[in-house]
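> So you can see what is in the structure, the chains are spelled out below.
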Amino acid sequence: DVKVTQSSRYLVKRTGEKVFLECVQDMDHENMFWYRQDPGLGLRLIYFSYDVKMKEKGDIPEGYSVSREKKERFSLILESASTNQTSMYLCASSLNTGGYTDTQYFGPGTRLTVL
Amino acid sequence: QKEVEQNSGPLSVPEGAIASLNCTYSDRGSQSFFWYRQYSGKSPELIMFIYSNGDKEDGRFTAQLNKASQYVSLLIRDSQPSDSATYLCAARPGANNLFFGTGTRLTVIP
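Sequence lines, in order, name chains A and B. What the first sequence shows, in this note's numbering, is residues -6 to 108, in sequence order. What the second sequence shows, in this note's numbering, is residues 793 to 902, in sequence order.
Just so you know, these hints were derived from the structure itself, not from any lab. Using N, Cα and C, we set each Cβ at its ideal position, and we do this for glycine too. Warning: the hint list may mix true and false statements.
Said to hold, decoys possible - When the alpha-carbon atoms are kept at most 16 Å apart in a straight line, the in silico EDC-like pairs for lysine to aspartate or glutamate are as follows:
(1) B:834 - A:31
(2) B:834 - B:875
(3) A:-4 - B:837
To be verified - Some chain A residues judged to face chain B by a derived CB distance under 10 Å, without partners named:
(4) 43
(5) 54
(6) 57
(7) 80
(8) 84
(9) 95
(10) 98
Stated by the list, open to error - Stretches of chain A that chain B covers, calculated by requiring three or more beta carbons in the stretch to come under 8 Å of a beta carbon on chain B:
(11) 14 to 22
(12) 66 to 72
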């Protein structure tokens, strides 16, 4: 079974703090993704990575950065947290065979509240 | 813009009935499509994917794809209260990314 874990289920931070969200997968997947999910807006891609040290911006990268130093680990960084970054953050991973059916598997999510 | 549209619902069906969930997509280059189920407060979990026109069955679930109409659907036969969740449709226009719809909330009434 694919296992994607995230460092925290719930996190409360103050405005202006630097926030790190960690994601680890144990299936040797090449691709890793960070999404945020908000009511009525669905899942929106923040960043993804297709290899170590590689990253691509998604639809809403502003205010976020990422780091992938090891294949199994993908970190999302909020440089200076703001209240509009209060959301559910979901990490996912997938193989990168180039085939149609490379499936994304999700971690349990981190519900971040910025006060 | 690569959009995936779903009716947000809620869709209510009685226990034992067929639930029909629909999804349209705008990017004709999309090659494969995924259905995820998401329980309240939980993360999405894959139900099934489809990439060929026609029907694909997996247990009580059937995915249907019509590329000419840019339409994907998910049928759930013999619906159970445990099927009550939000169902996310996703299209894959490129090598890596998925574009998700906002989801349809399904309630199965005992």
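> Indicate, hint by hint, whether the structure satisfies it.
To see whether the hints hold, each was checked on the structure:
For a cut-off of 16 Å, the pair hint linking residue 834 of chain B to residue 31 of chain A stands: about 13 Å separates their Cα positions. For the proposed pair residue 834 of chain B and residue 875 of chain B, the alpha carbon gap of about 14 Å is at most 16 Å, so the pair holds. For the hint pairing residue -4 of chain A with residue 837 of chain B, the CA-to-CA distance comes to about 12 Å; that is within 16 Å, so the pair holds. Of the supplied interface hints, the one on residue 43 of chain A holds, with its beta-carbon coming within about 6 Å of a beta-carbon of chain B, less than 10 Å.
With a cut of 10 Å, the hint placing residue 54 of chain A at the interface with chain B is violated, because the nearest CB-to-CB distance is about 13 Å. A cut of 10 Å between beta carbons decides the hint on residue 57 of chain A: the least distance to chain B is about 16 Å, and the hint is violated. Because the closest C-beta pair between residue 80 of chain A and chain B is about 13 Å apart, greater than 10 Å, the hint is violated. Satisfaction of the interface hint for residue 84 of chain A is found here, the shortest Cβ-Cβ separation to chain B being roughly 9 Å, below the 10 Å cut-off.
At about 8 Å, the closest approach between the beta carbon of residue 95 of chain A and any beta carbon in chain B falls short of 10 Å, and the interface hint on this residue holds. Because the beta carbon of residue 98 of chain A sits about 7 Å from the nearest beta carbon in chain B, less than 10 Å, this interface hint is met. Beta-carbon proximity to chain B at under 8 Å applies to 0 residues in the segment 14 to 22 of chain A; the threshold of 3 is not reached and the given coverage is violated. Only when three residues or more bring their CB closer than 8 Å to a CB of chain B does the claim for the segment 66 to 72 of chain A stand; here the count is 0, and the claim is violated.
Comparing the model with each numbered hint stated earlier shows that hints 5, 6, 7, 11, 12 do not hold.
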